[in-house]
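A.B. asks: In case you want the letters, here they are:
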Amino acid sequence: MEQQLKGRIIYKGKAEGEALVTNMPISFFGGVDPNTGIVLEKGHELEGLSVKNKILVFPQGKGSTVGSYTLYRMKKNNTAPLGMINKETETIVAVGAIISEIPFIDKIDTTKIKTGNKITIENENIHIITH
Amino acid sequence: MELTKQEQAMLDGKEGYAVRKSMEILVALGEIFDAKNLIDVGSVQVAGVSYHNLGDAGLEFLDSLAKDGKVRVLTTLNPAGMDLENWQQLGITAEFAEKQNLVIDAFQRMGILVSCTCTPYLIGNLPLYGEHIAWSESSAVTFANSVLGARTNREGGPSALAAAFVGKTPCYGLHLDENRVPEVHVQVETELSKLSDWGALGYAVGKKAENQIPYLTGIKTAQLDELKSFCASTVTYGTKPLFYIKGITPGADKQVQPKETVTIKAEDIKNAYDSINDNVEEIDFVCVGCPHCSIKEIQEIADLIEGKKVKGDVELWVATSRTVKHLADKRGYTAIIEAAGGKFACDTCMAVAPLKGRFKALATTSAKGCFYSRHNLMKTKMGSMKECIKAAVSGKWNSN
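Respectively, the protein sequence lines represent chains W and V. With this note's numbering applied, the first sequence corresponds to residues 1 to 131, in that order. With this note's numbering applied, the second sequence corresponds to residues 1 to 400, in that order.
No lab work stands behind these hints, which were simulated from the structure alone. Incorrect hints may appear among the rest.
[To be verified] Distance condition first, Cα-Cα at most 25 Å in a straight line; then the derived BS3-like pairs of lysine-lysine:
{"hint": "1", "chain 1": "W", "residue 1": "76", "chain 2": "V", "residue 2": "67"}
{"hint": "2", "chain 1": "W", "residue 1": "12", "chain 2": "V", "residue 2": "14"}
{"hint": "3", "chain 1": "W", "residue 1": "42", "chain 2": "V", "residue 2": "356"}
{"hint": "4", "chain 1": "W", "residue 1": "75", "chain 2": "V", "residue 2": "99"}
{"hint": "5", "chain 1": "V", "residue 1": "99", "chain 2": "W", "residue 2": "76"}
{"hint": "6", "chain 1": "W", "residue 1": "42", "chain 2": "V", "residue 2": "207"}
{"hint": "7", "chain 1": "V", "residue 1": "67", "chain 2": "W", "residue 2": "62"}
{"hint": "8", "chain 1": "W", "residue 1": "87", "chain 2": "V", "residue 2": "356"}
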């Protein structure tokens with residue numbers, strides 16, 4: 001099955017990959033290991049999973065503003081997501097995506113996307129292929 | 001968001017890479033928060049300075065901006081991961097120092113004052129009432145909004161830098177009157193007798209007014225150092241970076257006391273201490289100066305420690321700005337504290353230095369310092385300056 005969604009561009013660009021979805025906010029500083037891309041936060045739905053080369057789908061960021069730099073570190077270390085989708089973003093992840101040049105859209109009903117779906121982000125459009 | 005011709009040209013890259021990247025950040029934030037336009041800022045405070053938090057990638061990013069980026073307004077810097085002159089004495093490795101110096105060098109090239117303090121308002125970056133600024137560092141943001149009556153959102157490192165390169169910030173949030181209205185009345189029904197009580201009050205207010213703007217009543221007097229401590233604590237533990245204290249902070253008389261009321265009683269202050277303090281007696285690290293010590297606090301430390309000795313296996317750090325330390329040098333306080341075995345930690349602090357695993361238990365006057373030291377795996381004790389100096393001398397916490 002295929003589906004199209006439209007959101008708001010935070011950082012424009014094209015990205016294609018597999019979705020990794022959580023309903024919990026993510027703190028990149030302290031919550032994700034920038035060397036591996038693995039989520040470290042205790043009790044997080046994604047704890048132990050890697051965000052590397054995924055289309056990361058989450059409601060919004062949280063925690064320290066240093067998180068913007070963590071995303072940039074991940075991009076340089078090749079451990080960053082290929083693209084990101086938020087329900088309603090905030091400054092930490094928005095700024096992180098801009099300085100790291102990661103395609104990023106928000107104002108999306110993220111419940112429509114499931115982990116493992118094939119996602120294409122192109123500017124404000126999201127194309128989803130479910131199995 | 002509406003851009004002027006000049007702003008659009010900046011976004012299109014006509015003024016170089018750093019300005020283009022900065023405009024991308026400012027415009028995105030403006031769109032996210034429905035700002036109508038950009039406004040001029042009077043000054044900027046940039047956080048995200050410690051190499052410990054930036055890593056090589058952060059350094060690379062700053063380096064790329066420093067190639068053609070120059071700040072357009074007075075811009076000061078938050079603490080770094082080490083004392084820039086005296087790092088060996090504080091146990092920092094040469095590898096770390098080399099990287100930290102590269103970070104500082106990048107900021108220098110941008111035209112930023114290497115003030116390396118979380119209290120820019122004590123060393124010459126003092127915004128006026130009503131002035132729009134773009135500051136990061138949550139304690140300084142709270143001080144600027146509440147004690148000075150200036151206007152700033154809680155910026156992150158990159159968005160503050162962006163504002164410095166453009167000289168503007170998107171007009172939303174705490175820049176607008178309608179978002180500066182107090183949301184909850186906090187009636188303080190207890191006496192505050194020592195500096196750390198203000199940190200405890202910040203904890204209690206943070207928990208009771210989470211993500212709100214508090215309007216405090218029942219506080220009769222307040223001193224600079226007490227407000228500095230309260231600012232750091234209340235925002236760390238939960239409120240928005242703005243509060244009013246009736247009869248004390250500017251603009252409180254223009255606001256209406258909110259109907260919703262919570263009270264702070266003696267037991268709330270005691271509960272705050274109980275939550276912040278761990279069950280520990282042996283202390284191996286005493287650090288005062290979160291936020292950075294004022295000259296008055298350094299005088300108090302010198303008075304308390306004169307003629308005494310810091311215990312052999314304990315480290316005492318006095319964290320302050322280099323500017324304030326110069327005053328302490330002239331007045332002889334530095335000599336007294338160093339003769340007792342205390343160390344000055346200028347340009348840095350316990351929250352941003354690479355301290356993980358170095359110490360077991362911290363004594364401090366600061367509630368915020370306790371919060372961040374837990375991340376560094378330390379047990380924590382918060383108390384008065386007197387209790388902290390006593391702990392430095394005896395190696396034990398004993399508040400009786």
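A.B. asks: It remains to establish, for every hint, whether it holds in the given structure.
C.D. replies: Hints versus structure:
1. Among the hinted pairs, residue 76/W with residue 67/V is consistent with the structure: their alpha-carbon atoms are about 19 Å apart, no more than 25 Å.
2. For the suggested pair residue 12/W and residue 14/V, the alpha carbons sit about 20 Å apart, so the restraint of at most 25 Å is met.
3. A distance of roughly 19 Å separates the Cα atoms of residue 42/W and residue 356/V; the hinted pair therefore holds under the 25 Å criterion.
4. Between residue 75/W and residue 99/V the CA atoms are separated by roughly 20 Å; this keeps the pair inside 25 Å, and the hint holds.
5. Our distance criterion of 25 Å between C-alpha atoms is met by residue 99/V and residue 76/W, whose separation comes to about 17 Å.
6. Restraint check for residue 42/W and residue 207/V: the C-alpha separation of about 22 Å stays at or below 25 Å, so the hint holds.
7. Between residue 67/V and residue 62/W the alpha-carbon distance is near 31 Å, which puts this suggested pair outside the 25 Å criterion.
8. At roughly 35 Å between alpha-carbon atoms, residue 87/W and residue 356/V are farther apart than 25 Å, so this suggested pair is violated.
The structure is inconsistent with the numbered hints 7 and 8, although it conforms to all the rest.
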